[in-house]
Structure formats: structure tokens, C-alpha cells
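*Asks:* For the sequence shown, the working numbering assigns the number 540 to the initial residue and increments by one for each residue that follows.
Treat each hint with caution, since some may be false.
To be verified - Dumping the calculated EDC-like pairs for lysine to aspartate or glutamate here, alpha-carbon to alpha-carbon at most 20 Å:
#1 K675 <-> E655
#2 K697 <-> E651
#3 K624 <-> E561
As the list claims (entries may be wrong) - Pair ranges (Cβ atoms, derived):
#4 L576 <-> Y541: 22 to 32 Å
#5 Y614 <-> A590: 28 to 38 Å
#6 A582 <-> V664: 36 to 46 Å
#7 A566 <-> A599: 27 to 37 Å
#8 E655 <-> L546: 17 to 27 Å
#9 N562 <-> Y614: 45 to 55 Å
#10 A596 <-> A619: 36 to 46 Å
#11 F700 <-> A680: 25 to 35 Å
#12 E701 <-> P578: 42 to 52 Å
#13 E701 <-> L625: 40 to 50 Å
Simulated from the structure, these hints should not be mistaken for laboratory data.
All C-beta atoms in this analysis are idealised placements derived from N, C-alpha and C, irrespective of residue type, glycine included.
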Amino acid sequence: MYILIGLVPVLLGIYGRVAMPENSREAILIDLALKYLSPFFIAVFLGALLAAIMSSADSALLAPSSIIGHNILPYFKPSATEKEKLRLCRWSVPVLGVVSLMMALYFQNIYELCQEAWGILLTGVAAPMFFGVYWKRTTSAGALTGAIAGIVCWVVVKVFFEDYPSNLIGFICSCCFIVLASLATGAAGERAQSAA
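Please put together the full structure from these sequences, using the hints given.
*Replies:* Structure representation (C-alpha cells):
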């Protein structure tokens, strides 16, 4: 069902390019609706489209805010109270909203923005998740080091070496740092246990 429903806008976009080859705008779905639907169905379509956008936008703001408040804050401050976590979650929403708005105004092209968003996931999330699931010697410090190193490497390559595949280099860097930091912190932890 996920694939079938996900294919609907893709196929409509492809059809729109075939049906209206002179149209080069990104709003091809809206143009298709205006050309082929009655006013009633245009209103239904636009309402559904706006509902989907708002639903995605609020989830995209609330999910990282709750991660910041409930996962990242306790890592740095284990004694954080629920009130402090909630306060940080609330402050994260407008901050992330402003950052998101700045990114949207900077890119102004949904394809480029999605490409960069997937780049961040590849370089900062994919390797720690993969190693955390499939390599038993992965440590929390290794995963965090790998995520930070992958994102930093991706940004440096993206800014200073535009001709190189920044996503791939960032991912490889993340993998290397996860292995090195996990081996280092795992060995240190084993020494501490044997000394105790």
C-alpha cells in the first residue's frame, strides 16, 4: 500500500510533464488540477494538499524537538527534570521553525532541498544505525562520534570540494569514525572493568 499510494503523485508528475510539456514549474500537480478538475474538486484537492503539507510540517518540527528534549538533553544532563525537558522541547519548536524557513528560502528548489536532507540522514544517521544494529562492539560514544564526524566531513566537502561526492565521503568518514571511536571507548571500558 505504501508503494502504491506513494506512486500516485509520482505518476501524476510524470503524466503532467507529458500532458503539458511547456510547463516547467514545480507546481505541476496544481496545474493539472486547474486544467482537468471542476471547481469543486479543485477545492477538495487543494484542501487535501494543504492538509498533507501542514501535517508533514508539524511532524517535522515536533519530532526533532522531542528528540532534543527527551534524548539529547538527558545525555548531557542526566539529572534533567521533566519540566526542563518540556521547556527545551517548547523552545526547540520555534528555533527549528526559523532554521527550516531559512533553509527553504536558501534552496528554493524542493529537489535540491530533499537531496541535502537525505545527505544529512546518510552521513549522520545511516552509519550509526547500521553499526548499532549489526556490529555488537559499537558504543554510544562511537555512534555519536561517527554521526558528528560524518556531518562535519559532508559539510566540508560540500563547501570546499564541490566536484567530489560529499554524501559518499561523509558516509565513509562516519563509518571510519564509528569503528575507531567504538574500538577506543570499548577498550577503555574493558580496562576499567578489569581494573575494578
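*Asks:* Could you run down the list of hints and mark each one as holding or not?
*Replies:* Cross-check of the supplied hints:
1. K675 <-> E655: This hinted pair is violated, its Cα atoms lying about 30 Å apart.
2. K697 <-> E651: OK: K697 and E651 at ~13 Å, within 20 Å.
3. K624 <-> E561: violated, 52 Å
4. L576 <-> Y541: 22 to 32 Å: holds, 26 Å
5. Y614 <-> A590: 28 to 38 Å: holds, 35 Å
6. A582 <-> V664: 36 to 46 Å: Check passed, 39 Å falls within 36 to 46 Å.
7. A566 <-> A599: 27 to 37 Å: With a Cβ separation near 20 Å, A566 and A599 fall outside 27 to 37 Å, so the hint is violated.
8. E655 <-> L546: 17 to 27 Å: For E655 and L546 the Cβ distance comes to about 24 Å; the hint holds.
9. N562 <-> Y614: 45 to 55 Å: Roughly 49 Å apart at Cβ, these two residues keep to the hinted range, so it holds.
10. A596 <-> A619: 36 to 46 Å: 28 Å Cβ-Cβ, so the 36 to 46 Å window is violated.
11. F700 <-> A680: 25 to 35 Å: Between F700 and A680, where Cβ atoms are some 28 Å apart, the hint holds.
12. E701 <-> P578: 42 to 52 Å: holds, 47 Å
13. E701 <-> L625: 40 to 50 Å: holds, 42 Å
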